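Chain by chain, the residues run as shown.
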Amino acid sequence: MATTEEIRADLAEIVNEVAGVPADDVQLDKSFADDLDVDSLSMVEIIYAAEEKFSVSIPDEEAKNLKTVGDAVAYIERAAS
Amino acid sequence: MMRKTIVVTGLGATTPLGGDVASTWAGMLAGRSGVSAIEADWAAALPVRIAGQAAVEPDAVLQRVEARRLDRSAQFAVVAAMQAWQDAGFGLREENVVDRARLGVAIATGIGGLQTLLGQWDIQKEKGVRRVSPLVIPMLMTNAPAANVGIRLGAEAGVHTPVSACASSNESLALATDMIRLDRADVVVAGGTEAVIHPLPMNAFAQMQAVSRRNDEPERASRPWDVDRDGFVLGEGAAIFVLETLEHAKARGARIYGELAGAGMTADAHDMVQPNPTGVTQARAMTRALAESELTPADIVHVNAHATSTPQGDVTEAEAIRMALGDHTAVIVTGTKSMTGHLLGGAGALESMATLLALRHRTVPPTINLDNPEPQLGIDIATKVRSLPDGDLAGINNSFGFGGHNVAVAFTNRYGSGAD
Chain A
2 MATTEEIRAD
12 LAEIVNEVAG
22 VPADDVQLDK
32 SFADDLDVDS
42 LSMVEIIYAA
52 EEKFSVSIPD
62 EEAKNLKTVG
72 DAVAYIERAA
82 S
Chain B
11 MMRKTIVVTG
21 LGATTPLGGD
31 VASTWAGMLA
41 GRSGVSAIEA
51 DWAAALPVRI
61 AGQAAVEPDA
71 VLQRVEARRL
81 DRSAQFAVVA
91 AMQAWQDAGF
101 GLREENVVDR
111 ARLGVAIATG
121 IGGLQTLLGQ
131 WDIQKEKGVR
141 RVSPLVIPML
151 MTNAPAANVG
161 IRLGAEAGVH
171 TPVSACASSN
181 ESLALATDMI
191 RLDRADVVVA
201 GGTEAVIHPL
211 PMNAFAQMQA
221 VSRRNDEPER
231 ASRPWDVDRD
241 GFVLGEGAAI
251 FVLETLEHAK
261 ARGARIYGEL
271 AGAGMTADAH
281 DMVQPNPTGV
291 TQARAMTRAL
301 AESELTPADI
311 VHVNAHATST
321 PQGDVTEAEA
331 IRMALGDHTA
341 VIVTGTKSMT
351 GHLLGGAGAL
361 ESMATLLALR
371 HRTVPPTINL
381 DNPEPQLGID
391 IATKVRSLPD
401 GDLAGINNSF
411 GFGGHNVAVA
421 FTNRYGSGAD
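Chains as they are written, first to last, in our numbering: chain A, 2 to 82; chain B, 11 to 430.
Okay, chain B solo, but in the shape it has when bound (with noise of 0.2 Å):
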């Protein structure tokens, strides 16, 4: 069987940089951190008291009663999923073409519906035991943004939820290539959401040591590679992909941004949260997403890396391209999260769109903070704007997850038509 094209002809967005795809990707353009300091009561007595907050509530895009009935990590899902679905031409209920057997979802949460579970559990505690919403569960199951989606547009062909922690939604996106790929569908609606800007994982994230601590200077804290780098900065929002095959996106005339070409999936099997400080297993899946896209270290040009802003993460990532891209300099590196935060289950959907971007519009966007890099890591990385060749061009976006999970998924600017 032949190998099926797969091309990405719609993209929806809510991060912290904007509400939709146009403004996240202006701001990345633009240099701008979308990092605050969070005013509510709560985070006055913790030891980390910013984050990457969502730029639009998704309460003022969603319907009052819809809204409360989505846990925020499944409000940012169907946000981002409607916008995708518009932008791909696509009409919803009735006007929607698409054969309901041949469409499927594969949305991914890092974490799930913490906020509904810990609230209700709250009341609960507070008000007693008929006060529960009897929701919770619906809302709080981990498949929920997925299911959400998936019942809104008709998805029959199958709606998933990859758990992989930050690597959750590039796993979702490899997912959706395998599915398309096998057969079992024709279109993908594929991505990731997360919402845990709460006190408990803030101050669980906090008490592991995982987070940067630089309260007073927010939006200067997310630095990937900076010698003051102290750790991430945790983000909320989604991105979601509409993925078709090259054949039915062309069959109905729609606009194609470009190509997720192919994924690679390793694990380190080496430790819950530090990476295999080789490199090794986090290189091996680059490769891995080259074999399977048919394309060559030559080929890269591009790679919008995991970059979080750790004292250990980033110089393994820097090492694990340099080995399976090689030295030579072509390849402009950018880190992303030093503008957005983490955005942990919804990352690797939303920097994958970064990178399609980049191709598409031959423009890389800057690594922000980055000051003073650590010295000897080997790789060309963008602080400011920086501008990609003509021609065929590709490129690899890296997501390494808790757990030792390593998924780099490859996209390239061919086939690509009409505007944004």
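Just chain A, same shape as in the assembly (with noise of 0.2 Å):
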């Protein structure tokens, strides 16, 4: 069972290589669009990439749910648990 922190890390990885993002700036406490300024479009590519790289499955309703980077932390630790 991965910890909280490397999925922070896994997830970082992705943000950086849809959106460029610094991996070390995708911390719990950052919000996607506000922090982070992931836009919409590259929001739905992280969900997608997330969902393969954890094996797990985050419908269209919930994904809209996870404004920070903890929300999808906290999400895939549920769904992969």
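Possibly wrong hints are sitting among the right ones.
DSS-like mimics (lysine-lysine), calculated; alpha carbons at most 27 Å apart, straight line [claimed, not checked]:
| # | chain 1 | residue 1 | chain 2 | residue 2 |
| --- | --- | --- | --- | --- |
| 1 | A | K68 | A | K31 |
| 2 | B | K137 | A | K65 |
| 3 | B | K394 | A | K54 |
| 4 | B | K135 | A | K54 |
Just so you know, these hints were derived from the structure itself, not from any lab.
Model, not experiment: these values are computed from the prediction.
Put the two chains together into one complex; each comes in its own frame, and the hints tell you how they fit.
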């Protein structure tokens, strides 16, 4: 079972790959839209890439609620357990 | 209203001969072929395994995140447009002093974002519906290269994508001319791009018997007017112009390559893939370009021909050139697709660039591989580098497209200034 930090680090790599945000900036308290400047289409790409990376399903209606990096990490932890 | 004079103040290109204008032009003057064997595994099963592949990969130039949001056709367009923009002396973003409301874009592609379309369809079939990128539509749209360039430059006077197969980017130069002469814009970034070296179109062109099968001699495969020609060679890349009124260029002290004097467009209304064999409609495109340019046949010293290396097309065009320009021997004709391959929607702009540079440097690049010319063509074809005379010079570039589109663009070396 991956730790919270491991999930955050893997997610940070995805955010960096998709949106060019430095991986170190992708911290739990950061908002994707407001702090990291991730636009809506990039967010969709990040969700899809996270589904593949963590072998989880993130339905569109759930994805809407993932405002911060911490929201996404917590969702992935719950979905993978 | 006085007819506006339009000058070329910036050029950009990424082609099978080089990643910029200087290397592409040097390759042409050296008579170098940019055609090579495709080494990728997918080519092995195809009847045609050669192409004019871009000398410099666009993702080696673009930022990684920028590149992954663009189809390869738009990548080439952005690379070439940014070169042209900086070559014209315009700054980027806050340093851009051009009036955005007077800046337009006309960038063509013949086919559009085909690699994105087919690549994402493969992903949907193989990995499922959730794996398809949300960027597919804005990446594959035919207008995506023009729109991406327009957004980067802040062009608000209209952003357009003429589509007329292999005549597309000469049509974009013609449209840019109209935009300026109708006073819709002072500056237009215009040209074309193409990126369809992919197994489906490679095979489809082979299936229609349109492309050369000289797989064992790639650099000898594109051979306009040679008796042993057996079809065109697919190429990829982009070429982009910065065009502006003479007045606008002079006011900012811009270096000027020469003049885009005018364009002429006709349609064959004859057949989807074969030219009207009389050459009448092709000739009329050249005649109209002369009229719009206030030039006469006697002014023309050079033609960069469409000359794709197909059996029918090369002969028809020779006839059309004689019809439009007369039998005088002062016209030196060349076919630079012999070196670059055929960039489809990028071809007109690339060869228009070669036409303009030939006038500016009084030097015509050769047609390579013309070992045994078709008899009785009645045109003077450069098979080595040839010099043009002193004084004011004018030339024409022809582009003809499937569907019967004929677009001729006329250039002069007038108003030329500065160094390249």
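Results of checking the hints against the structure:
For the proposed pair K68 of chain A and K31 of chain A, the alpha carbon gap of about 9 Å is at most 27 Å, so the pair holds. Proximity of K137 of chain B to K65 of chain A is assessed by CA-CA distance (about 23 Å); at most 27 Å being required, the pair is judged to hold. Restraint check for K394 of chain B and K54 of chain A: not satisfied, since their Cα atoms lie roughly 57 Å apart, outside the 27 Å limit. Simply put, K135 of chain B and K54 of chain A have alpha-carbon atoms about 19 Å apart, close enough for the 27 Å limit, and the pair holds.
In this structure, the one hint that does not hold is number 3.
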